[in-house]
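Going by the numbering used here, the first residue of the sequence shown is number 41, and it counts up by one from there.
Be aware that one or more of the hints could be misleading.
[Said to hold, decoys possible] Derived BS3-like pairs: lysine-lysine, alpha-carbon spacing no greater than 27 Å straight-line:
no., residue 1, residue 2
1, 180, 210
2, 85, 180
3, 100, 180
4, 223, 180
5, 111, 100
6, 225, 180
7, 223, 210
8, 85, 100
9, 100, 110
10, 225, 210
The set of hints was computed from the structure by calculation and includes no laboratory data. Remember, it's a predicted structure, so these values are computed and weren't measured experimentally.
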Amino acid sequence: MLLEPRVILDSPYDYFVAGIADTLAKWYESESLLRRVEQNHLSIKYARASATMCRDVPLKHGVQAVRDMKKGILSDAWQLVMETNIMAGGLVGGLADQYGRATAAHSVHDALTVFPETVHLLHGAKVAYGIMVQLALERKWEEIRRLIPFYSALELPANLHALRLGRRSKQDICRLAEQAVTKDKTIHLLPFTVTADSVYEAIIRLEALTAETSQNE
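Modelling step: build the complete structure from the supplied sequences, incorporating the hints.
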């Protein structure tokens, strides 16, 4: 793979941030799938290692990388995050095949596209919200709390308000939940049954948690 860092450094930073979110999703979406693999083949080991990098590198260096990018600084932090976005993210699915696929976060992304308010949002921004909904489905509340400051620093959407959907009716949010669980969606790869009702509940509980966290800041 041939990369010219300066070309990427000079590109719009919001695309870089969206790439960070999409890369982060590689960990959260593949973790439950990779955990179920009994065979310890080398390809699976490499996929797990790549998925771990997709979590650890953005969370540790992502905020600094974006700051440096805004200043036009080709720093070690920026280059590490850039390479992780491009290389580590692709390796997860490439090495793990069906065990490295998207699950809930990308299903929520797809469901969001039915609302015109989200048209201006980049793919990664919608996936970022999908990560939060997936964590709410998994009832990983502490992980959500851990991610909120990171999301805030990168201006990633953690709730409906940030997606400009905060004033949507209950009926519309139910529609969002229904779209996330159609038969073709990869959300059903999660190791438990997911329904429109459970997605709706996850969305509502996520709204409450993010509101509570913002009030305490």
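Status of each hint after checking the structure:
1. Taking the CA atoms of residue 180 and residue 210, the gap is near 24 Å; set against the 27 Å cutoff, the hint holds.
2. Only pairs whose Cα atoms come within 27 Å are accepted, and residue 85 paired with residue 180 is accepted, the gap being roughly 25 Å.
3. With a C-alpha separation of about 20 Å, the suggested pairing of residue 100 with residue 180 holds against the 27 Å cut-off.
4. Taking the CA atoms of residue 223 and residue 180, the gap is about 25 Å. The hint holds against a cut of 27 Å.
5. Straight-line distance between C-alpha atoms of residue 111 and residue 100 comes to about 19 Å, which keeps the hinted pair within the 27 Å bound.
6. Restraint check: the Cα-Cα separation between residue 225 and residue 180 comes to about 22 Å, which is no more than 27 Å; the hinted pair holds.
7. Our distance criterion of 27 Å between C-alpha atoms is met by residue 223 and residue 210, whose separation comes to about 22 Å.
8. Under the criterion of a C-alpha separation no larger than 27 Å, the hint pairing residue 85 with residue 100 is consistent with the structure, at around 22 Å.
9. Pair hint residue 100 plus residue 110 holds up; C-alpha atoms about 18 Å apart against a cutoff of 27 Å.
10. The hinted pair formed by residue 225 and residue 210 meets the criterion: a straight-line CA distance of about 22 Å does not exceed 27 Å.
Consistency with the previously given hints is maintained throughout, with no hint failing.
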